[in-house]
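Visitor: Construct all of the structure, not just a fragment, from the sequences and the given hints.
These protein sequences, in sequence, are chains A and B. Going by our numbering, 281 is the number at position 79 of the first sequence; the sequence numbering is gapless. Going by our numbering, 165 is the number at position 120 of the second sequence; the sequence numbering is gapless.
No wet-lab data here; the hints were simulated from the structure. The beta carbon of each residue, even a glycine, is placed where N, CA and C say it ideally should be. Incorrect hints may appear among the rest.
As the list claims (entries may be wrong) - Between beta-carbon pairs, the in silico distance windows are:
#1 A:ARG489 <-> B:THR200: 24 to 34 angstroms
#2 A:LEU496 <-> B:THR200: 12 to 22 angstroms
#3 A:LEU400 <-> B:ARG319: 42 to 52 angstroms
#4 B:ALA185 <-> A:THR318: 47 to 57 angstroms
#5 B:ASP79 <-> A:PHE478: 26 to 36 angstroms
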Amino acid sequence: MIAGTGTLEPELTWNLVADVRALFTYPFMVDALQAGTIVAVLGGVIGWFTVLRRQAFTAHTLAVVGFPGAAGAILVGVSATAGFFAFAVAAAVVIGLIPSSGRVGYATTESALTGTVQATALALGFVFSSLYGGFSSGAGALLFGSFLGITPEQVRVLLGVAVAALAVLAVLARRLLFATVDPAVAAARGIRVRATSLVFLLLLAVTAAEVAQITGTLLVFALLIVPAATAQAMTARPVLGLGLAVAVGLLVSWVSLFVAYYEPYPIGFLLTSLAFAVYVVVALSQRQARTATLRRVLDLRRSEAPAGTGG
Amino acid sequence: MTDGRTSSGTAAAGTAGAAGAAVVELRSATARLDGRPVWSDVDITVRAGEFAAVLGPNGAGKSTMLKAILGLVPLSAGTARIVGSPPGHTRGLIGYLPQRRSFDAELRIRGVDLVRLGVDGDRWGVPLPGAERISARARARSARVDEVIDLVGATSYARRPIGELSGGEQQRLLIAQALASRPRLLLLDEPLESLDLPNQAAVAALVSRICRTEGVAVVMVAHDVNPILGYLDQVIYLAGGRAACGPPREVITSETLSRLYRTPVEVLSASDGRLVVVGAAESPTPSDHRHHP
Chain A
203 MIAGTGTLEP
213 ELTWNLVADV
223 RALFTYPFMV
233 DALQAGTIVA
243 VLGGVIGWFT
253 VLRRQAFTAH
263 TLAVVGFPGA
273 AGAILVGVSA
283 TAGFFAFAVA
293 AAVVIGLIPS
303 SGRVGYATTE
313 SALTGTVQAT
323 ALALGFVFSS
333 LYGGFSSGAG
343 ALLFGSFLGI
353 TPEQVRVLLG
363 VAVAALAVLA
373 VLARRLLFAT
383 VDPAVAAARG
393 IRVRATSLVF
403 LLLLAVTAAE
413 VAQITGTLLV
423 FALLIVPAAT
433 AQAMTARPVL
443 GLGLAVAVGL
453 LVSWVSLFVA
463 YYEPYPIGFL
473 LTSLAFAVYV
483 VVALSQRQAR
493 TATLRRVLDL
503 RRSEAPAGTG
513 G
Chain B
46 MTDGRTSSGT
56 AAAGTAGAAG
66 AAVVELRSAT
76 ARLDGRPVWS
86 DVDITVRAGE
96 FAAVLGPNGA
106 GKSTMLKAIL
116 GLVPLSAGTA
126 RIVGSPPGHT
136 RGLIGYLPQR
146 RSFDAELRIR
156 GVDLVRLGVD
166 GDRWGVPLPG
176 AERISARARA
186 RSARVDEVID
196 LVGATSYARR
206 PIGELSGGEQ
216 QRLLIAQALA
226 SRPRLLLLDE
236 PLESLDLPNQ
246 AAVAALVSRI
256 CRTEGVAVVM
266 VAHDVNPILG
276 YLDQVIYLAG
286 GRAACGPPRE
296 VITSETLSRL
306 YRTPVEVLSA
316 SDGRLVVVGA
326 AESPTPSDHR
336 HHP
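Guide: Here it is as structure tokens:
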């Protein structure tokens, strides 16, 4: 029954149960699935706040610095995982020190400075991987993702960091939501908005470093932003949205790993295109539903108030 | 004037005592921004259930007045007692609505979530699903959210994303948010700005009703006094670094305002009772960048 014969060229059978069971006979696949699960959960939750705070660009930068981080770590002979985390946290501190006007997101000078950090990081990563031995497939895996060679030790680190990050977020969640949606009122109620933003930036850094280890530093959006954006297109309810972001992330992660086991396509490509497909389907159906609602509301207003009153 | 209206209201509980007690007391107060005095030697008393407006030209320090009451801008001279304590010590008892906020049309948060933040947004931790079945306190919080949404008449649209609502609908939900924690004092910074005339009248009537029925002291910064004129107990008119306080018909006069502005100012009364201030630096200036919806 178990189709565990094709070690080198695993083939899909029509028996899906057997296909899935075949996956679990190989320890490297089990490690990959565990890592994919951890990263999808953390990415979904932190991503939901990132999308709400309009910090997707910052998230991308914090992931990109993982490239020189990991390449540099390999160059000096320490684990790539340590390089990912160290560089992401350092970049978060730099971005956090940039004086901002108190607003978050894209529409500030912060974006130009963040872009500067990002360009420098990519260039530095290129230098490190060249010094190590040419711009090889190793650099390709760092940039575009790989699920091979995830070690049980790496899974333990991913799990430990994810649990710690989610624990901090659990303590902070309500205040973070308040500071995000309504910073002026939150400050008047005694919430330290800037300190809260800085803590979130650090959480985003470790999350980007975790996700980048599966998706590659350039494709973190697949598990960090797209599932959350999809969830927010589906619902404006916070708790439901968080749940949906995790669910979409898990779906994308598991299906991609399943396909990657049987087909030769790289994992980064599979994750990204699957996440994109889910988003497009949801966004299109939501747009249709919203247009219909809008039309109904406008019709109602028109019938209620025939004469417009201007101010 | 100080004996003004002292509605008994529902504010019996709490430390700062009986209805009609002074909620805002400034004595010889001076505020500075970047070393420059904004206003000085200001005396104000606003009592529970009173509706006061802060008026004056742009840059007179109207918003600074609210921030000083909140304790976000420290006084450089004089004393202040807010709900019986120095500013900043009673933030949980103050509902605050900052100036000119409209939410991003893409913000995917419902009105009801925004109002809920007014109840428990400053608490640590996460809301647990199903907590209402176990905890009476969680039930009471949810009930309060529904209550204030009903009070501002926003029940029909409170469950839609806030960004999709009109300016008037957003403003009502923000007032509900400010009210949610049962404040003793409501500070509203130009809540009528960017609303059309019918909505200005409706929100003004709503604020007045809340002020009387809930026994809350209201301090509202306004650019135009006319939509709220009929409801006001007190006017705090800021100009030229000084303040004049009292009932609206005593403060908004040619005499008082001329003295305040140190230049001849005329107050005209239209046949419908509306007041027009002529000759002051008040009239729209090029720097007066107002938000157009």
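Visitor: Range first: 42 to 52 angstroms. Now tell me if the beta carbons of LEU400 of chain A and ARG319 of chain B are that far apart.
Guide: This hint holds: roughly 49 angstroms between Cβ atoms.
Visitor: Given the range 26 to 36 angstroms, decide if the beta-carbon distance of ASP79 of chain B to PHE478 of chain A lies inside it.
Guide: violated, 49 angstroms
Visitor: Honestly, do ALA185 of chain B and THR318 of chain A meet the 47 to 57 angstroms range at C-beta?
Guide: Distance hint for ALA185 of chain B, THR318 of chain A holds at roughly 50 angstroms.
Visitor: Range first: 24 to 34 angstroms. Now tell me if the beta carbons of ARG489 of chain A and THR200 of chain B are that far apart.
Guide: For ARG489 of chain A and THR200 of chain B the Cβ distance comes to about 27 angstroms; the hint holds.
Visitor: That 12 to 22 angstroms hint for LEU496 of chain A and THR200 of chain B (C-beta), does it hold up?
Guide: Given about 20 angstroms between the Cβ atoms, the range holds.
Consistency note: the structure conflicts with earlier hint 5 alone.
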